[in-house]
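Trainee: Listed here are the chains, written in short residue letters.
2 protein chains.
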Amino acid sequence: MYMVAFLGPNASYTHQAARDRFNQDTCVLSPQVTIEDVFQQVQSRVAKFGVVPFENSTNGSVVFTLDLFADIKSRHPDIVVCGEAYVDVHHCLLGRGAARLTDTSLSSKTDSPTSSGQATPTSKVPYPKTPAVKPVVPVKHVKKLYSHPQAWGQCRDFLSTYLKGVERQDVSSTSRAAELVAEDQSGSSAAISSAIAAEVHGLDVLARNIEDSADNKTRFFILKRTDCLEHQPMHRGAKVVDDDQNSFKSLVSFTVNHEDPGSLADSLAVFKSYKLNLTSINTRPSGLVPWNYIFFIEFKGRRENDGATGAVNAALRDLNNVAKCWRWLGSWESEL
Amino acid sequence: MYMVAFLGPNASYTHQAARDRFNQDTCVLSPQVTIEDVFQQVQSRVAKFGVVPFENSTNGSVVFTLDLFADIKSRHPDIVVCGEAYVDVHHCLLGRGAARLTDTSLSSKTDSPTSSGQATPTSKVPYPKTPAVKPVVPVKHVKKLYSHPQAWGQCRDFLSTYLKGVERQDVSSTSRAAELVAEDQSGSSAAISSAIAAEVHGLDVLARNIEDSADNKTRFFILKRTDCLEHQPMHRGAKVVDDDQNSFKSLVSFTVNHEDPGSLADSLAVFKSYKLNLTSINTRPSGLVPWNYIFFIEFKGRRENDGATGAVNAALRDLNNVAKCWRWLGSWESEL
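In order, the protein sequences belong to chains A and B. So the first sequence is residues 1 to 336, counted in UniProt numbering. So the second sequence is residues 1 to 336, counted in UniProt numbering.
Worth flagging that the hints you see were computed from the coordinates, not collected in a lab. Being a predicted model, the structure only gives us computed values, none of them experimental. Treat the hints with care, since some could be wrong.
[As the list claims (entries may be wrong)] Each computed DSS-like pair below joins lysine-lysine, with the alpha-carbon atoms no more than 27 Å apart:
id	chain 1	residue 1	chain 2	residue 2
1	A	Lys-275	B	Lys-272
2	B	Lys-48	B	Lys-73
3	B	Lys-143	A	Lys-144
4	B	Lys-144	A	Lys-143
5	A	Lys-217	A	Lys-134
6	B	Lys-48	B	Lys-134
7	A	Lys-300	A	Lys-272
8	A	Lys-324	B	Lys-272
9	A	Lys-73	B	Lys-217
10	A	Lys-140	A	Lys-164
11	B	Lys-324	A	Lys-272
12	A	Lys-300	B	Lys-134
13	B	Lys-48	A	Lys-272
14	B	Lys-140	A	Lys-324
15	A	Lys-324	A	Lys-300
16	A	Lys-134	B	Lys-73
17	B	Lys-144	A	Lys-275
18	B	Lys-275	A	Lys-73
19	B	Lys-140	B	Lys-164
20	B	Lys-272	A	Lys-272
21	A	Lys-144	A	Lys-134
22	A	Lys-275	B	Lys-324
23	A	Lys-217	B	Lys-48
24	A	Lys-217	B	Lys-73
25	B	Lys-217	B	Lys-164
26	A	Lys-73	A	Lys-275
27	A	Lys-134	A	Lys-48
28	A	Lys-144	B	Lys-134
29	B	Lys-164	A	Lys-73
30	A	Lys-48	A	Lys-164
31	B	Lys-164	B	Lys-134
32	B	Lys-272	A	Lys-164
33	A	Lys-324	B	Lys-324
34	A	Lys-300	B	Lys-324
35	A	Lys-48	A	Lys-73
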């Protein structure tokens with residue numbers, strides 16, 4: 001049995017990614033409080049693998065994860081990405097259904113005008129979208145909402161239609177939101193969280209799939225140490241591993257000389273010259289000098305098995321001539 | 001008198017940027033609840049100018065502002081940047097000084113061991129940094145902290161030394177944090193906020209400049225409508241306006257054909273070929289197709305007065321051949 005560290009708590013979306021990608025007969029999934037804890041558990045060899053969120057299709061990159069890869073204090077020099085996982089993020093409204101409430105004043109079955117399924121037009125939003133879903137039980141008794149800050153922006157249509165003006169409390173994760181609602185005996189609070197969290201915390205699903213975009217997904221990275229020779233071991237569905245460069249992705253970080261016009265363009269041109277298609281680029285403050293940046297690029301291709309003469313190694317040699325410094329952060333099989 | 005909309009509330013860092021850059025004898029500064037409200041006030045001509053945060057030197061870009069520039073619903077088609085402002089972000093710990101507390105149990109003058117000025121070494125942080133500053137009054141009575149989520153990460157050394165383990169509550173702005181602490185009659189809560197907020201809300205400064213990096217700055221953009229011909233009117237210090245391209249910056253957004261390897265590299269190469277130095281690049285989800293992106297680049301140079309034959313217009317014509325679509329988002333005088 002080996003350990004896999006993931007960003008907890010239990011029932012988080014990262015937990016779901018870890019459960020999808022690791023066979024729990026052969027490993028122990030260990031929830032961590034922060035993304036940095038996951039990096040440190042892997043760096044220090046306590047865990048063999050780690051699972052961290054990297055980007056959401058609606059909200060973009062997870063900057064905490066990028067900053068840990070930037071690693072300006074050199075705390076995780078041996079961490080590389082060895083796999084990815086995509087999880088559909090379907091938010092639910094979790095709370096106490098009206099039938100379970102003892103206080104009848106909270107269990108009114110007559111909907112308020114704002115629960116009509118029509119958002120109120122305002123001068124700012126003259127033609128509000130009608131959300132695709134309706135609550136499965138009335139939600140008029142909900143007086144306070146808990147969730148992770150990212151979730152509000154993903155459920156705008158539902159919230160503006162059925163829970164307009166209800167007080168919102170930011171918390172550290174959607175699972176924590178469910179936990180707080182479970183502790184609230186009044187039954188008048190609700191969480192935007194996952195269906196799994198409803199099971200774990202014994203809550204009712206008041207509404208399902210309340211996200212604005214049905215395509216809402218989060219991408220997770222599987223981490224290991226560079227000296228760990230195992231690949232991320234399990235694929236549900238026993239996908240055939242294809243050795244074509246296009247079925248792999250690689251991540252590289254680099255900094256440029258900010259005095260040199262075009263050094264970023266030159267760095268990206270290197271990958272083009274070896275026909276390595278860029279799939280994402282991210283920028284973060286360098287952490288050293290204000291308004292200097294570190295860049296992260298992902299591209300199609302694989303360094304392992306690539307050999308000293310392969311395209312990825314050749315591109316990295318050229319990058320060495322135009323970038324100030326760079327770091328290879330892993331190659332893995334694409335799941336997209 | 002014209003109106004300048006800024007991201008409020010009063011005493012926010014954006015307010016400070018607006019006060020630095022606009023003469024209040026000739027305009028009214030109007031606080032807005034969200035960054036989107038600032039865009040809309042300018043788009044609808046209610047305000048002539050707007051002030052919004054764009055990036056912090058420690059924490060990076062403000063994604064809400066980027067997404068409003070991406071403008072996928074075409075709600076702010078006429079907004080351009082016409083100026084920038086840099087504000088030093090010096091966080092203070094605000095609360096009630098022990099001398100003002102009536103409950104003597106909270107006003108102990110003996111510091112606890114965790115207030116020794118030495119953080120406790122842990123296995124994770126074996127050599128903690130000693131913060132550069134000490135509280136001006138004892139802070140042992142502080143049992144709860146309020147701040148904007150960005151501030152915790154900017155004050156890590158101070159918090160881990162003097163306020164280790166104290167409960168933290170995220171709120172929507174550092175000014176809102178000060179307001180909540182002002183309302184708390186017990187005197188046992190404190191806010192990480194600005195010195196201005198201490199004045200506005202009648203709080204004591206318990207510690208000054210508690211940020212980890214003395215270089216902590218936030219950059220703000222001044223917005224106007226494209227059809228507003230005035231430049232952002234006021235410069236404190238009556239800087240001489242130099243018409244050299246290098247004293248101006250421009251912002252452009254563009255999307256690329258994701259099927260075409262190298263299209264991002266080609267788009268950036270356009271600017272290099274006209275010797276327009278890139279100063280920043282940002283990426284956000286396109287909002288249309290998952291894992292497709294919109295890019296934002298800033299470069300040295302000015303489109304206004306550039307004429308049809310100038311370098312910026314020439315680069316934009318070439319960009320038109322390699323990018324899927326693009327939008328010019330303004331040129332302004334660099335303040336750096």
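Trainee: Now look at each hint and say whether the structure bears it out.
Mentor: Comparing the hints with the structure gives:
no., hint, verdict
1, Lys-275/A <-> Lys-272/B, "20 Å, holds"
2, Lys-48/B <-> Lys-73/B, "22 Å, holds"
3, Lys-143/B <-> Lys-144/A, "24 Å, holds"
4, Lys-144/B <-> Lys-143/A, "24 Å, holds"
5, Lys-217/A <-> Lys-134/A, "21 Å, holds"
6, Lys-48/B <-> Lys-134/B, "43 Å, violated"
7, Lys-300/A <-> Lys-272/A, "11 Å, holds"
8, Lys-324/A <-> Lys-272/B, "18 Å, holds"
9, Lys-73/A <-> Lys-217/B, "21 Å, holds"
10, Lys-140/A <-> Lys-164/A, "11 Å, holds"
11, Lys-324/B <-> Lys-272/A, "18 Å, holds"
12, Lys-300/A <-> Lys-134/B, "50 Å, violated"
13, Lys-48/B <-> Lys-272/A, "44 Å, violated"
14, Lys-140/B <-> Lys-324/A, "46 Å, violated"
15, Lys-324/A <-> Lys-300/A, "23 Å, holds"
16, Lys-134/A <-> Lys-73/B, "24 Å, holds"
17, Lys-144/B <-> Lys-275/A, "55 Å, violated"
18, Lys-275/B <-> Lys-73/A, "34 Å, violated"
19, Lys-140/B <-> Lys-164/B, "11 Å, holds"
20, Lys-272/B <-> Lys-272/A, "16 Å, holds"
21, Lys-144/A <-> Lys-134/A, "19 Å, holds"
22, Lys-275/A <-> Lys-324/B, "20 Å, holds"
23, Lys-217/A <-> Lys-48/B, "39 Å, violated"
24, Lys-217/A <-> Lys-73/B, "21 Å, holds"
25, Lys-217/B <-> Lys-164/B, "25 Å, holds"
26, Lys-73/A <-> Lys-275/A, "33 Å, violated"
27, Lys-134/A <-> Lys-48/A, "43 Å, violated"
28, Lys-144/A <-> Lys-134/B, "38 Å, violated"
29, Lys-164/B <-> Lys-73/A, "22 Å, holds"
30, Lys-48/A <-> Lys-164/A, "46 Å, violated"
31, Lys-164/B <-> Lys-134/B, "14 Å, holds"
32, Lys-272/B <-> Lys-164/A, "49 Å, violated"
33, Lys-324/A <-> Lys-324/B, "31 Å, violated"
34, Lys-300/A <-> Lys-324/B, "21 Å, holds"
35, Lys-48/A <-> Lys-73/A, "22 Å, holds"
The structure shown violates the earlier hints numbered 6, 12, 13, 14, 17, 18, 23, 26, 27, 28, 30, 32 and 33.
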